[in-house]
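Take the sequences, apply the hints, and build the full model.
Listed below are the residues making up each chain.
There are 2 protein chains.
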Amino acid sequence: MKSDDPSAGIDRRTLISGLAALPVAASLLPRPALAQGSSSSAPLPSWNDGPARQAIVDFVRATTDRSSPKFVAAEDRIACFDQDGTLWVEKPIYTQVVYCLDRVPAVVAQKPALKSRAPFKTILSGNREAIAKLSLHDLEEVLAATLTGMPVEVFQAEVNKWLASAKHPRWKRLYTDLTFQPMQEVLQYLRDSGYKTYIVTGGGQDFVRVYAQRVYGIPPEQVVGTMGGTKFGYAKDGKPFLTKEPKLLLDDDHAGKPQGIHLMIGRRPRAAFGNSVGDREMLEYTGAGDGARLMMLVLHDDAQREYAYGPANGLPDSKVGTFTQALYDEARKDGWTVISMKNDWKRIFAFD
Amino acid sequence: MKSDDPSAGIDRRTLISGLAALPVAASLLPRPALAQGSSSSAPLPSWNDGPARQAIVDFVRATTDRSSPKFVAAEDRIACFDQDGTLWVEKPIYTQVVYCLDRVPAVVAQKPALKSRAPFKTILSGNREAIAKLSLHDLEEVLAATLTGMPVEVFQAEVNKWLASAKHPRWKRLYTDLTFQPMQEVLQYLRDSGYKTYIVTGGGQDFVRVYAQRVYGIPPEQVVGTMGGTKFGYAKDGKPFLTKEPKLLLDDDHAGKPQGIHLMIGRRPRAAFGNSVGDREMLEYTGAGDGARLMMLVLHDDAQREYAYGPANGLPDSKVGTFTQALYDEARKDGWTVISMKNDWKRIFAFD
Numbered sequence: 063m064k065s066d067d068p069s070a071g072i073d074r075r076t077l078i079s080g081l082a083a084l085p086v087a088a089s090l091l092p093r094p095a096l097a098q099g100s101s102s103s104a105p106l107p108s109w110n111d112g113p114a115r116q117a118i119v120d121f122v123r124a125t126t127d128r129s130s131p132k133f134v135a136a137e138d139r140i141a142c143f144d145q146d147g148t149l150w151v152e153k154p155i156y157t158q159v160v161y162c163l164d165r166v167p168a169v170v171a172q173k174p175a176l177k178s179r180a181p182f183k184t185i186l187s188g189n190r191e192a193i194a195k196l197s198l199h200d201l202e203e204v205l206a207a208t209l210t211g212m213p214v215e216v217f218q219a220e221v222n223k224w225l226a227s228a229k230h231p232r233w234k235r236l237y238t239d240l241t242f243q244p245m246q247e248v249l250q251y252l253r254d255s256g257y258k259t260y261i262v263t264g265g266g267q268d269f270v271r272v273y274a275q276r277v278y279g280i281p282p283e284q285v286v287g288t289m290g291g292t293k294f295g296y297a298k299d300g301k302p303f304l305t306k307e308p309k310l311l312l313d314d315d316h317a318g319k320p321q322g323i324h325l326m327i328g329r330r331p332r333a334a335f336g337n338s339v340g341d342r343e344m345l346e347y348t349g350a351g352d353g354a355r356l357m358m359l360v361l362h363d364d365a366q367r368e369y370a371y372g373p374a375n376g377l378p379d380s381k382v383g384t385f386t387q388a389l390y391d392e393a394r395k396d397g398w399t400v401i402s403m404k405n406d407w408k409r410i411f412a413f414d
Numbered sequence: 063m064k065s066d067d068p069s070a071g072i073d074r075r076t077l078i079s080g081l082a083a084l085p086v087a088a089s090l091l092p093r094p095a096l097a098q099g100s101s102s103s104a105p106l107p108s109w110n111d112g113p114a115r116q117a118i119v120d121f122v123r124a125t126t127d128r129s130s131p132k133f134v135a136a137e138d139r140i141a142c143f144d145q146d147g148t149l150w151v152e153k154p155i156y157t158q159v160v161y162c163l164d165r166v167p168a169v170v171a172q173k174p175a176l177k178s179r180a181p182f183k184t185i186l187s188g189n190r191e192a193i194a195k196l197s198l199h200d201l202e203e204v205l206a207a208t209l210t211g212m213p214v215e216v217f218q219a220e221v222n223k224w225l226a227s228a229k230h231p232r233w234k235r236l237y238t239d240l241t242f243q244p245m246q247e248v249l250q251y252l253r254d255s256g257y258k259t260y261i262v263t264g265g266g267q268d269f270v271r272v273y274a275q276r277v278y279g280i281p282p283e284q285v286v287g288t289m290g291g292t293k294f295g296y297a298k299d300g301k302p303f304l305t306k307e308p309k310l311l312l313d314d315d316h317a318g319k320p321q322g323i324h325l326m327i328g329r330r331p332r333a334a335f336g337n338s339v340g341d342r343e344m345l346e347y348t349g350a351g352d353g354a355r356l357m358m359l360v361l362h363d364d365a366q367r368e369y370a371y372g373p374a375n376g377l378p379d380s381k382v383g384t385f386t387q388a389l390y391d392e393a394r395k396d397g398w399t400v401i402s403m404k405n406d407w408k409r410i411f412a413f414d
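In the order they appear, the protein sequences are chains A and B.
Per our numbering: the first sequence = residues 63 to 414.
Per our numbering: the second sequence = residues 63 to 414.
There may be inaccurate statements among the hints.
Covered by chain B, according to a simulated footprint, are these stretches of chain A (three or more residues, beta-carbon under 8 Å) [said to hold, decoys possible]:
#1 285–292
#2 359–371
Over the 10 Å line for every Cβ pair with chain A, so calculated as not near, a few chain B residues [unchecked claim]:
#3 285
#4 298
#5 303
#6 384
#7 388
Sample of chain A residues facing chain B (criterion: CB under 10 Å; computed from the structure) [what the hints assert, rightly or not]:
#8 350
#9 399
#10 403
#11 405
No lab work stands behind these hints: they were computed from the structure.
The beta carbon of each residue, even a glycine, is placed where N, CA and C say it ideally should be.
Given below as structure tokens:
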């Protein structure tokens with residue numbers, strides 16, 4: 063076990079590199095991006111015709127047509143989706159990390175002794191250069207202080223409140239508005255075809271569960287993420303409650319993704335979608351099963367409409383959502399389909 | 063919200079009314095101990111009229127009737143069931159422990175060095191007196207040796223093979239035949255009423271998942287149990303696989319049950335069923351929520367048709383499925399319903 067931090071699944075090596083781009087404040091204008099419930103006769107309307115869209119349609123047809131040799135029984139239709147960079151924007155830094163940094167003032171208000179201590183003092187200073195230089199250990203301390211130590215219902219309320227007001231620095235929109243419309247359509251298309259859709263994220267399981275239902279149409283029990291322990295206790299009125307503990311149960315990234323899938327689902331997915339080296343083992347595990355399987359990787363190659371990054375694009379590795387050349391080569395070799403945001407998607411967001 | 067259950071859109075009443083028109087004489091068909099897919103106009107046919115049956119029917123009506131002040135939205139209908147002693151026989155010892163003891167010869171054949179070592183040597187001797195005296199530590203060693211160290215698929219195949227032949231000493235039947243028919247009817251009745259049914263067991267999550275679908279109609283992802291870690295690796299042909307590791311992630315008993323429910327489901331159940339002190343915290347946690355809640359405990363008070371045991375019966379504590387007087391008192395105080403096997407159940411097993 064690498065650490066006792068429940069959010070250790072986040073690739074933290076330099077995830078604070080984008081901190082300088084963050085806004086200082088956000089105004090109130092809640093407008094959640096709801097998962098669209100409709101399916102038309104032509105699935106995936108936000109996708110251009112091409113090999114990526116075709117791979118999805120072919121897979122669904124092959125596995126749901128009873129006359130197909132690749133037909134899959136309804137109960138075995140499991141599809142897993144990474145979140146950051148696959149279902150929504152992950153730049154300049156992971157949304158959950160923004161949340162943790164934004165929570166620091168409130169945490170310090172409750173525990174004034176933290177005010178003069180290193181990472182908290184730096185974050186409170188608002189000095190973006192200094193914040194960007196925080197060590198991994200410093201960041202872990204911030205994550206533990208902001209994600210644990212409170213009853214689960216209190217945490218859920220805090221996340222909900224933050225999501226209703228915090229805005230992305232580039233689009234000036236709620237983070238939950240920044241889901242990829244083409245991927246929302248894939249989720250809906252698969253569900254309409256009898257698939258159970260799961261999120262399998264390196265982010266905190268409890269964090270993503272707060273909004274997964276209204277944003278993606280995915281219930282809490284179908285969110286697999288980095289898992290922390292809880293502690294059972296009784297309130298003064300005798301009512302039992304669970305407190306989030308700074309104890310890591312499973313780091314749901316890289317090899318942790320198939321481990322998390324086994325733990326939470328108990329069977330091998332038929333389809334898996336990712337966008338970085340953290341998803342490689344999940345796609346390998348999915349592809350190692352018999353029959354029809356669908357493995358896809360989103361390539362961020364659209365600097366104009368979203369972002370372009372990663373060595374597979376010939377661009378520097380920004381350490382968030384790393385898509386290496388080796389991953390690209392493995393995709394080609396193993397028949398995984400790479401989705402070009404630039405070429406395969408007619409639009410990126412529902413508001414486009 | 064839309065359910066991800068692919069059959070959620072099917073009108074079950076229509077299906078059932080259509081069944082009556084079928085020419086096949088259902089009574090002539092063999093009646094396996096499988097979860098029955100049918101519900102009649104009178105639910106829970108193996109239950110006698112009384113407060114226990116009434117509590118279940120009242121709860122379902124109150125939470126599924128849209129005009130009821132206690133109506134519960136479909137997505138919040140979660141019901142959790144302990145397994146050992148609640149859904150099937152747990153005497154003379156837990157079925158999974160029988161499996162582990164039965165596996166010892168095969169494990170020793172693979173690792174001959176174990177043959178002369180303490181717990182394994184004792185078990186191989188067949189000396190029941192000596193086996194009954196094994197310490198908890200000895201037993202844990204046996205569990206680790208028989209439940210871990212192999213790929214998950216190998217484990218599943220071994221359990222399936224054992225279940226197909228091992229017989230209970232009293233009834234001389236497969237263990238999977240020894241589920242309680244009245245509880246199978248509760249599972250089905252709740253599912254027919256839009257509830258997601260979960261097993262929440264102190265037994266091994268991977269063990270119970272092997273047969274939960276065919277025996278209870280519960281898919282692997284709806285089995286919450288004691289959880290072990292897995293290790294991700296690659297076979298010689300490059301295919302990835304998971305190995306079961308002797309690493310405890312969560313002991314799903316007592317306080318571990320609400321913890322496991324939070325981890326695996328992420329929301330509080332509406333109904334919980336148990337039979338021992340290991341289920342107390344799960345029932346307390348369920349009861350602490352708002353609105354209609356159903357908490358029930360099976361009391362084993364039928365020595366003739368099954369077993370009678372536990373201090374709440376005025377009988378000695380046999381350490382398996384302990385139902386203490388304190389638990390009984392808490393049930394009365396908090397409005398939990400105690401199910402008397404003797405008085406509430408017309409029959410115990412499907413083969414009765």
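Results of checking the hints against the structure:
1. 285–292: holds (count 4)
2. 359–371: Our answer is that it is violated, as 0 residues pass the Cβ test (under 8 Å) against chain B, missing three.
3. 285: 7 Å, violated
4. 298: Residue 298(B) clear of chain A: closest Cβ-Cβ about 13 Å, beyond 10 Å.
5. 303: The claim breaks: residue 303(B) does not keep its Cβ more than 10 Å from every Cβ of chain A (closest is about 7 Å).
6. 384: 19 Å, holds
7. 388: 15 Å, holds
8. 350: Result: holds, 5 Å to nearest chain B Cβ.
9. 399: Nearest chain B Cβ about 19 Å off; hint violated.
10. 403: 27 Å, violated
11. 405: 30 Å, violated
Checked against the numbered hints listed earlier, the structure breaks hints 2, 3, 5, 9, 10 and 11; every other hint is satisfied.
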